[in-house]
Amino acid sequence: MADQRSSDPFTVDPSPAPGGVGWRFAVLFALGVCLSLLVSLAGAGALGSSSRSAASTPTLIVVDNAVQQARAWRSAGVRGAVLVDATRDLGYLPAAEDLIPRRTGWPVQSVDLPALWIGATDRSNAVWVAARTGLARTVHYVLPAAVLKERIRVGRAQNYPGIAADGGSVFANDEGYVRYIDDELATPVSQPAVLNIDASYFVQGTPAELSAQLGDSLRSFKVITVDRAEDATDVPEAARARADEMARIIEQALAR
Amino acid sequence: MKMMPTRKFLYMLVAIVAVGAILRLGWIGSQAPTGDDVMVAVTATNYVANGQPNPTEPFHPVLRNLLVYASMMVFGGSPLGVKGFSLLLGTLLVGVTGLFVRRAARDERAGLFAAGLVALDIVQIDYSRQAIQEVHTAFFAMVGAWLVVEALRAEDTRSWRWLLPLAGVSYGLGVASKFYALSTLVLSIGLLLASSWKRRKYDEVLLTGAALVPLPFTVYLLTYVPWFRRGYGIAEWVTFQRATMSAMTTHTKAPVAYLAYNKAAMWFLQPFYGYADVATTAAGQMQLSVAVGNPLVWLAVVPATLYAVIVPGQRRRDAILLAYFATAYLPLVLSSRPIWMLSSVAVFPFAAGVLGSVAAALTRRASRRVVWAYVAVVIATSLLLYPLAIGRALRFPYLQPIVARMGDYVNAQGAAQ
Numbered sequence: 001m002a003d004q005r006s007s008d009p010f011t012v013d014p015s016p017a018p019g020g021v022g023w024r025f026a027v028l029f030a031l032g033v034c035l036s037l038l039v040s041l042a043g044a045g046a047l048g049s050s051s052r053s054a055a056s057t058p059t060l061i062v063v064d065n066a067v068q069q070a071r072a073w074r075s076a077g078v079r080g081a082v083l084v085d086a087t088r089d090l091g092y093l094p095a096a097e098d099l100i101p102r103r104t105g106w107p108v109q110s111v112d113l114p115a116l117w118i119g120a121t122d123r124s125n126a127v128w129v130a131a132r133t134g135l136a137r138t139v140h141y142v143l144p145a146a147v148l149k150e151r152i153r154v155g156r157a158q159n160y161p162g163i164a165a166d167g168g169s170v171f172a173n174d175e176g177y178v179r180y181i182d183d184e185l186a187t188p189v190s191q192p193a194v195l196n197i198d199a200s201y202f203v204q205g206t207p208a209e210l211s212a213q214l215g216d217s218l219r220s221f222k223v224i225t226v227d228r229a230e231d232a233t234d235v236p237e238a239a240r241a242r243a244d245e246m247a248r249i250i251e252q253a254l255a256r
Numbered sequence: 257m258k259m260m261p262t263r264k265f266l267y268m269l270v271a272i273v274a275v276g277a278i279l280r281l282g283w284i285g286s287q288a289p290t291g292d293d294v295m296v297a298v299t300a301t302n303y304v305a306n307g308q309p310n311p312t313e314p315f316h317p318v319l320r321n322l323l324v325y326a327s328m329m330v331f332g333g334s335p336l337g338v339k340g341f342s343l344l345l346g347t348l349l350v351g352v353t354g355l356f357v358r359r360a361a362r363d364e365r366a367g368l369f370a371a372g373l374v375a376l377d378i379v380q381i382d383y384s385r386q387a388i389q390e391v392h393t394a395f396f397a398m399v400g401a402w403l404v405v406e407a408l409r410a411e412d413t414r415s416w417r418w419l420l421p422l423a424g425v426s427y428g429l430g431v432a433s434k435f436y437a438l439s440t441l442v443l444s445i446g447l448l449l450a451s452s453w454k455r456r457k458y459d460e461v462l463l464t465g466a467a468l469v470p471l472p473f474t475v476y477l478l479t480y481v482p483w484f485r486r487g488y489g490i491a492e493w494v495t496f497q498r499a500t501m502s503a504m505t506t507h508t509k510a511p512v513a514y515l516a517y518n519k520a521a522m523w524f525l526q527p528f529y530g531y532a533d534v535a536t537t538a539a540g541q542m543q544l545s546v547a548v549g550n551p552l553v554w555l556a557v558v559p560a561t562l563y564a565v566i567v568p569g570q571r572r573r574d575a576i577l578l579a580y581f582a583t584a585y586l587p588l589v590l591s592s593r594p595i596w597m598l599s600s601v602a603v604f605p606f607a608a609g610v611l612g613s614v615a616a617a618l619t620r621r622a623s624r625r626v627v628w629a630y631v632a633v634v635i636a637t638s639l640l641l642y643p644l645a646i647g648r649a650l651r652f653p654y655l656q657p658i659v660a661r662m663g664d665y666v667n668a669q670g671a672a673q
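From first to last, the protein sequence lines stand for chains S and V.
Here the first sequence is numbered in the working numbering, starting from 1 and rising by one per residue.
Here the second sequence is numbered in the working numbering, starting from 257 and rising by one per residue.
None of these hints come from the bench; they were simulated from the model.
Just so you know, even glycine gets a beta-carbon here, dropped at the ideal spot from N, CA and C.
Don't take every hint at face value.
Said to hold, decoys possible - In silico DMTMM-like links for lysine to aspartate or glutamate, alpha-carbon gap of 20 Å or less: (1) V:K509 with S:E230; (2) S:K149 with S:E245; (3) V:K509 with S:D183; (4) V:K454 with V:E411; (5) S:K149 with S:D183; (6) S:K149 with S:E175; (7) V:K509 with S:E184; (8) V:K509 with S:E97.
Claimed, not checked - Restraint-style ranges between C-beta atoms, simulated for each label pair: (9) S:T104 with V:I635: 31 to 37 Å; (10) S:E150 with V:Q656: 51 to 57 Å; (11) V:A539 with S:R153: 50 to 56 Å; (12) V:A539 with S:G167: 54 to 60 Å; (13) S:E97 with V:T505: 21 to 27 Å.
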């Protein structure tokens, strides 16, 4: 069965007849493929844009805890948004995987994971749930400068890979879910954008500092929640009072 | 050698594929789903419905989620629903390996030997019976390689008009299954460009470039449509790709028990280098699968490769087989992250190509009786090892030494029952 003809093993065997592929076909094919790629890229981008939603006019909602906060986002129709979270606490502890029912044997059952995660929402995982349920597509944290500095110090000691060379920000990569951790809103956020201000921010930060950070971008947020962090025992009443003050500042800014 | 195989080759290849199908489907209904099987099904639904490629392996490409979702639409949460594409592609991989090796070595017997080795291989059978995408990657990469070799061996390069686009689509699906299909894609591009350039056929250069770069990329991109429905744009997709690659290249597990078998360089050197999967039946019975190569085959890969490299006539005949094997294998050997046995699924068919070609060549020499005796022993030992691949490793005392090598993990699972 073997064919023992010898020839260069890396070339067409045997020498091909003249003609072959032909320039006309090659050019048309190349153009067609490139066009398909461009259309796919444009289509994917357009699909992404059309899949985002949030309230049409800026809305301020003051909530007491993370569960109310998540409910407020969903009620406002937030989907595929950039979440800017001014906070001390990252709220990104993954909900326990053992929440997923593990049946043995066949048939394997599908699980409505978003419903499962929403049901498990608490202060420790509210942002994680927002990412895993499609509510937030990207997260930008704004931390008080001292909090960021301390987190980076600890992160460096643990060789955390996403710390910027200048030690001024962190690119957090949770298996492809990306978050930007900074002490300022370094880049303009694309729409729709949701702003959450957590009372824990004001344990070390002040409303004046945060107002200065947000500046004119405040009006670009479709939904703004101020979470009084009643579910956090380590957030003092003074910080909640500052959160209330921040809510009044925002209200006035939006009314202008 | 003509493009069309002989009738004798086809009949024999179909028979080998049928054996492969039987081994892959045997007792499939009574093999309980592993944790991965369950979570792959959950992930498939979550990806298609919500664009979320989690909880299982969110850092790998996403085609598996689409395939598993599609088969579950037809067969529900049954073994065929969850593992349907693995069973199908794992079976077809047997035939495609035969076709690839036949053309690469210009020897139909070599193709049949290689197909037989893949059909009988315990690791191939094991992962063809699991929902994870190892065998998907192997199949699509092998189809791409086969079509490219068909093009290189074509009597008229007019056939490149359909061979290369199909290869491009297949490679796109391969890379959309796991990134390591990229290595053989790069080799295929190099071989085709070298061939065209040498003959100054620049129209073929253009076709090669278009069919094997933007076309696979487009296929890969389209598998992310559910992900884009979460609101992302192209720039964010690029960031996501970089982040997933970073997560993938740093992925690790504590090297305890069988997880310490994490060096690709040892696959063909150390007997019973393996990976274990535990499942529990509805009645609470533990089932253990152990993916280990038949040492009579896996330990023969290095000598066969050396023979193919050293003996001039064999080297010339097996040049393409050696190139594909090296390209598929060496990146994993050189990888700094742990590489477990499951990644060998996409490498072994190329190794089987080299081994099959050397065996076929030896059958034409004085050693033919030895070769046929070797084939008989390989068949017999593969059947003896078969319970390892179908979750029956604990049922047969003679397999206990292999089970024991999997170590504390299995004991811990057993204690938890």
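Verdict for S:T104, V:I635 (Cβ pair) under range 31 to 37 Å
The hint (31 to 37 Å, Cβ to Cβ) holds, given that S:T104 and V:I635 are roughly 34 Å apart.
Does the structure keep V:K454 and V:E411 at a Cα separation of 20 Å or less?
holds, 16 Å
Assuming the hint says 21 to 27 Å, is it satisfied by the Cβ distance from S:E97 to V:T505 or not?
This hint holds: roughly 23 Å between Cβ atoms.
Do S:E150 and V:Q656 keep their Cβ atoms within the hinted range of 51 to 57 Å?
Between S:E150 and V:Q656, where Cβ atoms are some 54 Å apart, the hint holds.
Regarding the pair V:K509 and S:E230, is the alpha-carbon distance no greater than 20 Å?
violated, 38 Å
Between S:K149 and S:D183, is the straight-line Cα distance small enough, at 20 Å or below?
holds, 9 Å
Restraint check for V:K509 with S:D183, where alpha carbons must lie at most 20 Å apart
violated, 33 Å
Would you check the hint for S:K149 and S:E245, treating anything up to 20 Å between C-alpha atoms as holding?
Violated, at about 26 Å.
Using the C-beta atoms of V:A539 and S:G167, is the stated range 54 to 60 Å upheld?
holds, 57 Å
For the pair supplied as a hint, V:K509 and S:E184, confirm whether the alpha-carbon distance does not exceed 20 Å.
violated, 35 Å
If you draw a straight line from the CA of S:K149 to the CA of S:E175, is it 20 Å or shorter?
Roughly 24 Å separates the two Cα atoms, so the pair is violated.
Given hint S:E97 paired with V:K509 - CA-CA distance at most 20 Å
holds, 17 Å
This entry does not satisfy hints 1, 2, 3, 6, 7, going by the numbered hints stated previously.
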